[in-house]
Amino acid sequence: MSFPLGTVVALEGASGAAEATGFEPFLPGLVVLLPLLGFLANGALALAAGRRSADAVRAGGEWHLPETERPLTHTWPSLIGPGVLLAAFAVTLVNFVRMWGAELHEPVVIPYWTWLVTGTLEVAVAIQLDQLSMVMMLVVTGVGSLIHVFSVGYMRDDPGYPRYFTYLNLFVFFMLVLVMGASFPVMFVGWEGVGLCSYLLIGFWFRDREKADAGKKAFIVNRIGDVGFLLAMFLLFTTFGTLDFVPILERAPETLVYGGALVSAVTLFLLLGAAGKSAQIPLYVWLPDAMAGPTPVSALIHAATMVTAGVYMVARSSVLFALAPAGSLAVAGIGALTALFAATIALTQYDIKKVLAYSTVSQLGYMFLGVGVGAYTAGIFHLMTHAFFKALLFLGSGAVIHSMHHALHRTGRHLDAQDMRNMGGLARRMPVTWTTMWVGTLAIAGIWPLAGFFSKDEIIWYAGAAAGGPHASWYALFWMIALAAAALTAFYMTRMMLMTFHGGNRTGEEEARHLHEAPLTMSVPLVLLAAFSVFGGWINVPAALHDGWVGLFGALPMGEGLHHWLEPVVAAASEVRAEHVGAFHETAPLGGGELAWATFSTLLAAAVVAGTAAVASRWRIAPAAEAGEPTGGLRGLLYRKWYVDELYDHIIVRPVVATSRFLWRVVDAGIVDGIVNATGSVSRAFGLVGSVVQTGVLSTYAFVLTVGVVVVLAVMAL
Amino acid sequence: MITDSLVLSALLFVIGTLGVLIRRNAIIMFLCIELMLNAVNLTFVALSRLVGIDGQLFVFFVMTVAAAEAAVGLAIIISIFRHYETVDVQSFNLLKW
Amino acid sequence: MSALLDVIGYERWILHALVWLPLAGMGLVLWLPRERAKHVAFWWSAALFALSLGLWWAFEAAPGFQMASSHPWIPGWGVAYALGVDGISIFMVLLTTFTTPVAILGSFNYIEKREKAFYALMLLLETGVLGVFLSLDLFLFYVFFELTLVPMYFIVGVWGGERRIYAAVKFFLYTALGSLLMLVAILYLYFRAEEALGAGSFHYAELLRVPLTLQEQLWLFSAFALAFAVKVPVFPLHTWLPDAHVEAPTPGSVILASVLLKMGTYGFVRFLLPLFPAAAQHPPVVTLMLALGVVGILYAAWVAAVQPDAKKLVAYTSVAHMGFVVLGIFALTLNGLQGALLVMVSHGISTGALFLLLGMLYERRHTRLIEDFGGLAAVAPWLATAFVITALASIGLPGTSGFVGEFMALLGAFETHPWFAGVATLGVIFAAYYMLPMVQRMFFNRLHESANRGVPDVSRREIAMLAPMIALMIWIGVHPAPLMRRMEPSVESLVSHVERSLPAAPSAPAVGD
Amino acid sequence: MSDVLFYMFAALALGGAMGVVAGRNPVASLLSMVLSLGSTSVIFVLLEAHFLAAVQVIVYAGAIMVLFLFVIMLLNLGHDYRPDLRVTLWLIAPVAAAGALFGILSRGLRAAGAPAGTDSPVDAAVEEYGAIGAIARPLYTEWVVPFEITGILLLVAIVGALALAKKRV
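Protein chains in written order, with my numbering: chain A, 1 to 718; chain C, 1 to 97; chain Y, 1 to 513; chain R, 1 to 169.
In short, the hints are calculated from the structure, not lab data. Glycine included, C-beta positions come from ideal geometry on N, C-alpha and C. Some hints here could point you the wrong way.
Take a look, some chain C residues computed to stay more than 10 Å from chain A by CB distance [what the hints assert, rightly or not]:
1. 20
2. 69
3. 75
Incomplete in silico selection of chain A near chain Y, CB under 8 Å [claimed, not checked]:
4. 112
5. 114
6. 116
7. 118
8. 189
9. 192
10. 209
11. 216
12. 223
13. 227
14. 240
15. 242
16. 246
17. 432
18. 434
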């Protein structure tokens, strides 16, 4: 058999061009393979559990998870799931340490087997290891393992426990394939694979119609984005004849014309793909609905990893975007617009997960703004820090919802466990969650020492600095939008914290007694993530701020750490940028240096947080049951998400379904089938005409005969 | 003389055809057919004046066929009569779809 | 492995065995008593499949026909009994020998009346189809092409659903009418060959050498194209397919979807492109066919989405998939053609599996309407898992066989006709648009009807059918290289033949501009 | 002299034919048929076909007409017979067709006819072998096969007639 099983088993793979620089990958294939093995193991357990619960349902009842001794199928996944992730994280760490030591200048490509092969196209299933993919691998496996551990606690008493971990492991596998793929098609495999897993996980409780619909919506909207990705790949293939990253990104500067139609088309298609996956303006509608899935899923997929795939893709093909100012402007524009738009919606939401969902869309907008203006490292930096504090916030909200469920379950009252209006005053009852979530909130708001400040501020600064180059007026506008969105972020996050943790408790006296802190498996990840959110920002303190008060007068260890780390990956793009656009400006559009604006932004955020805290304490918040939906005015508009969903429904979904029905009823059954059946009935009609002559009366036949003879003779006589 | 008799035979033939078309009595129709055959015999004889004896010979065969046909035809009419109790052609419409 | 095959002279008798053994099987089935019929039929076709697997090693990746043999059959007319296999037809043969035992296994407790006749017809059908894929003589090809009509007509007509007579007659007339024109074209070719090459002949190799003017080629092209367009089916001529599928019994649907549709596309690749290269490249012809392909993709997807009947929905998806194949073929590029062949193989497996699953659901609930189902995943999780995997393969999820074919076809089409390929790529969205709602309405949502509550999960026999198909779908998706390597030389020689024979007429665009 | 005779008997023949068609009852039609046959046989004589004239009278008028009469009597159609000939507008179509037929036939036949009086090969044969010999000789030499076949034909007709008309047992 020509299937080179050998190379896969060895997992070493050819070590590519790495000998020179001494970076010697340590079993890189294992990182990808482990989640796959986890998926297969959990999958088998899930199938067994599924068969047992199916028999129970068929017998008329419902299979309940026995309280006392949990069946094998529900204990093993808690070991396999997180275990596999932690192992993958360990291997990644080893590789990271090795890569840290070696001065790696070009990516290490390790092919395993040829996937597609024709005369003109050759695509191998290959892994590409370089600084960028290493950062992503760290984020995916690191945050992923924490979320897996959290899920053990959160999903403990869900009958579909093994199935949950099957999908989660499969997701991490596809995410790693996406991040470590060495060519666009392999990345695309991961790209749609994560789309599939988000479909499965959002619709995890598939018996509930809305949740299944949300999953379907996510998949279809992602697919719309994937079409863009496909078209970009076709364009790249027709120009370069190959689809691997290394050759394309090397030969891009000389083959593609700067700002030419081709490169703009490619980048715009890639943007469409990224917008689909990272929920940006036109295709963001699926993310808020994706909250229908379990909360750890929202944390992992819809905060930390999957939605950042778009940003990673832009960073990976940074050269193309550098060559296409129009493309980059579009990315930045979409990013800024999404940031502001999503922030406005988040202001009025009452569902805690919806607030966080729109906050994610908004923060992704920032990342897009970052990579759009050419500050790729800033974008990736924000991606990393966002993964930390947004995962923290989501898991925190998960802990809150979990304990709310327990309380309501105990007393049997049917209240929406996710509605903030039913919460309030949880600080005393859930101190750990409360403190860690405050850390996350301050981080996302951009308060000084925390990670959010450094990454978000850097993006805002570069947006402002880029205002100097071409399209200056546009970038200045984006800079202002970014600042406004930052203020809004601070407001809605504080509002969320206050409604959830502060003020009087609105769940009800009896339930309140049952509200207690989340178990250890859930609170430990929270604490760890909180730590990351605090110290995460220090790895990349901007040079200008390093010795000012911001950088504690030089005390912080790794100034510009991430910049140096991602230097080789972004080198090509920055060269192109330097050649065509010139360096970033020193001053923001309204004057003032980086330090000045950094101080301004953190003070602004602090002011907003304090102000909201003061104002919010006087709000009278009625529990969800009494308080109706906000209808009129701006609040109603924002609560109704600017009626975007209804708009999409009217201009896209309904016409498509109507046309389908029309095509089927009228065109297919009517015209095409009509013609086919018509030929049948026409021939029957001719038969009828013929039969009129057959009257059965002898003389008619004789008469027809005579007429025939006469005609024949006449013709012959002529 | 020959052309006159040819015209005569054409006339007789036409009258025979007319009889078949108009009459509804099977026997009479049958008679008319015999008349038509006779007209044809006349043409044969007339033309045998030009062609030679073969014409007359052929009449001989036509007559035998006419006899055979008459016999069978009448037998059919009898068996139909036995079934329909009438020889009116209109009532034999078994073939009507 | 290939050494072992050479020892037993595998190459000399395998093709003849493949064509005639099913016929022998048919005789055996008819001869044996009724209750033994299905087992014999299954084991006979399974053995044949095992035998045909030898082709995988015996066939080495090289252009031109291998294991070819030619014996005069009707010398007077220059008709030879010529068989041969090349990169293009080998996977169609393997697909046929693979699908027949699976379809027979699928009909074990589906067919209750007239079992012997049914299994005999299935084996006769296999002979016909294998004959079509292996024959190198146009006369022999036409005989087998018509032969396949008869068993399919009876399978749909006798064991079908309520409107089976209508569907069977429509299927028969549609295909027969088309193939009559083809017969005329074949005869015309024969006489042109007689004129040009001295002795008239139906053999593929000789007919390739017959010089034809563009006008002639256009006429012959349209005659052949109509016959195959009905079979593919291409957009306006497709209405027989949903009816035939809805009324056909499950095994009939499986064979119809996975094998019979391929005869049309195979005909395009084997006869239309090589025999009438100038016509195949004539810009109006190419634009028309590409347009029909793209329309087929989008139109069928949209119509499929609103079908109340699950089998009709899947039937329309076949039209959509075949739209991709037509797109791949008439892109006239190496990637496009290879993509088309891959879509043919993967569609055969995934749609065949889909029909098997729908058949299982029909056996359990005796209904085909989607809204009668609901929440089955809670009751039949393994069935639901298999259905979801097959559905994903059908809509072309990367990592499954569906994606590889569609990606290559679209890529190939993009090289020469970017706009057509661009619009066709939208088909990928509509694939999800028609498949996911069906999956959700049948397997997710609440389990409301009590009848659904009693649905049993897959039995061992059903697993024996589905497991190999799902394994194939994933294997081809993950590791299509061996398939592609075997196809590549034949497709390469085909494409270069089509390009080389291009008269220097400026009208036809140089491929790839 | 023979022209006058010819026209007289031709008129008689036509009258007989019209009588057959317009006959009020079958027997009347039959008799007028006999009249027509008789006058035709006279015309045969005028055309030098003496043997045939005799055969016509004996076979046709004598045998076949008697057969018809016998059948008419058998089915006793003779007496209370309602005439089935109704003059309706629908008659125009057959009459027109018959007229057209006559027009074509006469035009064709007239072209074939030749002036009377030319000596025809028939007379030579009659001199040599006599009236009956002139017919008999070719009958038994060239035409012997058709002759035998007509014999068989008659046999078949007899058997057929018997089988058909036999009363079902």
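- Message: Just to be careful: measuring from the Cβ of residue 227 of chain A to every Cβ in chain Y, is the smallest value less than 8 Å?
- Response: holds, 5 Å
- Item | chain Y contact restraint on residue 116 of chain A - CB to CB distance below 8 Å | holds, 7 Å
- Task: Closer than 8 Å between Cβ atoms is the bar; does residue 112 of chain A clear it against chain Y? Give me holds or violated.
- Result: violated, 10 Å
- Task: For the hint on residue 246 of chain A, just tell me whether its beta-carbon gets within less than 8 Å of chain Y.
- Result: violated, 20 Å
- Message: Checking hints one by one. Is residue 192 of chain A an interface residue toward chain Y, by the C-beta closer than 8 Å rule?
- Response: Where the cut-off is 8 Å and the nearest Cβ of chain Y is about 5 Å from residue 192 of chain A, the hint holds.
- Query: Would you say residue 20 of chain C is clear of chain A, with no C-beta pair closer than or equal to 10 Å?
  - Reply: Its Cβ does come within 10 Å of chain A, the nearest being 5 Å, so this is violated.
- Status of the residue 189 of chain A interface restraint (C-beta, 8 Å, chain Y): Hint holds; residue 189 of chain A Cβ to chain Y Cβ min 4 Å, cut 8 Å.
- Item | Distal placement of residue 69 of chain C relative to chain A, Cβ over 10 Å | Correct as stated: the minimum Cβ-Cβ distance to chain A is 16 Å, above 10 Å.
- Message: Given residue 216 of chain A as an interface hint, is its Cβ closer than 8 Å to any Cβ of chain Y?
- Response: holds, 5 Å
- Message: Take the shortest C-beta to C-beta distance between residue 114 of chain A and chain Y; is it under 8 Å?
- Response: Because about 5 Å separates residue 114 of chain A from the closest Cβ in chain Y, which is inside the 8 Å limit, the hint holds.
- Item | Hint check: 8 Å Cβ-Cβ cutoff, residue 432 of chain A to chain Y | With a minimum Cβ separation of about 36 Å from chain Y (threshold 8 Å), the hint on residue 432 of chain A is violated.
- When the least beta-carbon distance from residue 434 of chain A to chain Y is tested against 8 Å, hint result: violated, 37 Å
Against the hints set out earlier in the document, violations occur for numbers 1, 4, 14, 15, 16, 17 and 18.
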